[in-house]
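Enquirer: These are the residues of each chain, in order.
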Amino acid sequence: MMPATARLMARHYVDTVVRTKRSVIVGIVLGLVGLLFVAAGILAPGPKEQLGLYYLFLFSGPAGVVLQFTALFFGAAVAADEVDNGTAIYLLSRPLSRPMTFLGRLAAAWVVLAVLMSALNLLVGLFTGGPGHLHRILLAEIPIVLGCGVYVALFALLATFVRNALAVGAVVSLLWDFPLSSVPLDLHLLTLRYPLVSLVRGVAMDFEDPEYQALWSSGMYRVFDQSPWTSFVVLILVLVVIAGVAARLAAVRPPNLRQT
Amino acid sequence: MSATLPMPGATIELAAAVKRYGPILALNDLTLSVGGGITGLVGPNGAGKSTIIGLVTGLMPPSSGKVRVLGSDPWTDTALRARIGYCPDGDRAWHGMSGREFVTRLGVLAGLDPADAARNAEDALVRIGLSAALDKPISQYSKGMRQKAKLCQAVLHRPELLVLDEPLNGVDPLSRVEILKTLREMAAQGMAILVSSHVLHELETAIDRVVLIHRGRLLAEGTVEEIRDLLDEHPHAVRLEAQEPRKLASALLALEGVVGVQLLDGKTVDVTTRDPGQFYASLPEVITASGFAVEALWSPDSNLEAVFRYLVKGGGG
Chain G
201 MMPATARLMA RHYVDTVVRT KRSVIVGIVL GLVGLLFVAA GILAPGPKEQ
251 LGLYYLFLFS GPAGVVLQFT ALFFGAAVAA DEVDNGTAIY LLSRPLSRPM
301 TFLGRLAAAW VVLAVLMSAL NLLVGLFTGG PGHLHRILLA EIPIVLGCGV
351 YVALFALLAT FVRNALAVGA VVSLLWDFPL SSVPLDLHLL TLRYPLVSLV
401 RGVAMDFEDP EYQALWSSGM YRVFDQSPWT SFVVLILVLV VIAGVAARLA
451 AVRPPNLRQT
Chain D
36 MSATLPMPGA TIELAAAVKR YGPILALNDL TLSVGGGITG LVGPNGAGKS
86 TIIGLVTGLM PPSSGKVRVL GSDPWTDTAL RARIGYCPDG DRAWHGMSGR
136 EFVTRLGVLA GLDPADAARN AEDALVRIGL SAALDKPISQ YSKGMRQKAK
186 LCQAVLHRPE LLVLDEPLNG VDPLSRVEIL KTLREMAAQG MAILVSSHVL
236 HELETAIDRV VLIHRGRLLA EGTVEEIRDL LDEHPHAVRL EAQEPRKLAS
286 ALLALEGVVG VQLLDGKTVD VTTRDPGQFY ASLPEVITAS GFAVEALWSP
336 DSNLEAVFRY LVKGGGG
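Chains as they are written, first to last, in the working numbering: chain G, 201 to 460; chain D, 36 to 352.
Among the hints, a few may not be true.
Computed cross-link-like contacts, DSSO-like style, restricted to lysine-lysine with a CA-CA straight-line distance of at most 27 angstroms [to be verified]:
no.: 1; chain 1: G; residue 1: LYS221; chain 2: D; residue 2: LYS171
no.: 2; chain 1: D; residue 1: LYS216; chain 2: D; residue 2: LYS178
no.: 3; chain 1: D; residue 1: LYS302; chain 2: G; residue 2: LYS221
no.: 4; chain 1: D; residue 1: LYS302; chain 2: D; residue 2: LYS282
no.: 5; chain 1: D; residue 1: LYS101; chain 2: D; residue 2: LYS171
Covered stretches of chain D (chain G as the covering partner; in silico rule of three or more C-beta atoms under 8 angstroms from a C-beta of chain G) [unchecked claim]:
no.: 6; stretch: 121-131
no.: 7; stretch: 139-152
Worth flagging that the hints you see were computed from the coordinates, not collected in a lab.
Where a beta carbon is used, it is the ideal one built from N, C-alpha and C, also for glycine.
Here chain G stands alone, though its shape is the one from the complex (with noise of 0.2 angstroms):
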């Protein structure tokens, strides 16, 4: 069981982070992501389309820049929001214990985030690969929640150590997360992606069809070539690691103590 004080805090930050303006906003970019492939899906001319499309979605959506986006709006809130506009400071002179205050808040995080891209797949997975594909679609929400939970939790991190962490996470994603995982050299072993892509690669994809197979085996997709198993442990690890390290550190942050 989540322990009292996490469970408050995860309240909390669903009332003061993820009930604002920002999160709507946030919220219309992926309904309008999901729209775009659900009509692309309607709109294309077989079932062989229809699921590269969904393919397409996997690695751009839930193994890509939208989770990584979404997940760098919701994760710097867990550490960086409180702080930066002085409130943090209610939170710290309260009883709670510190780490539990921000492994609340990052638990919150994950969970809206991971709710947010299982629909998003579940909608457009329905809508592009079809119902005939529903396990895949299914099995697909499996990196998508541990992925959620990897970059929240990799981007709450950077907020507890870095001033205007949305920026700061911005440029890490695109100049190291995405750039890395694409090169041949074994550099990819160093990003989260690699694991993330290799096990919705492992757990979603039909590998009994040749192209996909070609597809696989040349160009950039084939540093993705890691077992489903070892992908999912080393996720796990990865989000255990950074959240331990995350709540450590915000636990022994200064609050800003002058508001500005």
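Got chain G; can you put chain D on it based on the hints?
Expert: Below, chain D without anything else, positioned relative to chain G:
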């Protein structure tokens, strides 16, 4: 330096407390003991008041030395923070919340049952005069209303120690009177209160003791009367504007305690006195007897900075 607690059993004890922010020394070997009643923590901006408050409320640890509040370390003892109420400076609040939501939420986070927190929040907000604004967003509150809501959240869980950082800053005169009256009532019920300000006179009607802080060091401490006497030893400057400044200057020079008079221009006179109390008492009589029209009067020393500079130079304690 060894950190021996100055007065074990006091509400707040700092022993050789040092706090650094990188290269900046915010608190310099501060040893201090605060008991019950209302204590004013007074010093100019940047003196270290908010740092002391941060240490006392457990927001941060000292770089070295000891801090004890109600007998325990506020940085490491999470449960202790339920016995402390904290009202921070500025306009900090979740501005989308109503006053009722804000105070209730912080009551719950302080450990109250949600139903009790909601009931107590409404009672406290009504008692402090915010009944008409209970469900208004805090963003629509005036500065005085926000301070009152912040005060309510700090006392909702009935703490043994209440810490307020510049609670009167920017607050209108009526709200000041109400806030100070509320503090006196709470102190009368046994709550120890530490309240900071950079202006002594705005607190002096309400506080029992004063702690003067300057550049991270303890400059003086004592009752309001003792500190007032100490400050009065500092030559006090008063500036007056009058139609006949030369005649006014010569009349003022005859007053007891006046040690200097300077004509600045065709209208302005600067008077220096060692006995401001006597000076202000005699001034109306001088003006009435001589018939001089004094158009303006103010004290360039109203900012404590000048007094602190004087005390630091060794003119005082």
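Enquirer: Each hint should be assessed against the structure and marked as holding or not.
Expert: The hints, checked one at a time:
1. G/LYS221 - D/LYS171: 19 angstroms, holds
2. D/LYS216 - D/LYS178: 18 angstroms, holds
3. D/LYS302 - G/LYS221: 57 angstroms, violated
4. D/LYS302 - D/LYS282: 11 angstroms, holds
5. D/LYS101 - D/LYS171: Distance ~43 angstroms between D/LYS101 and D/LYS171 Cα, so the pair is violated.
6. 121-131: As far as the stretch 121-131 of chain D goes, the hint holds, because 9 residues have Cβ atoms under 8 angstroms from chain G.
7. 139-152: Result for this restraint: holds, n = 6.
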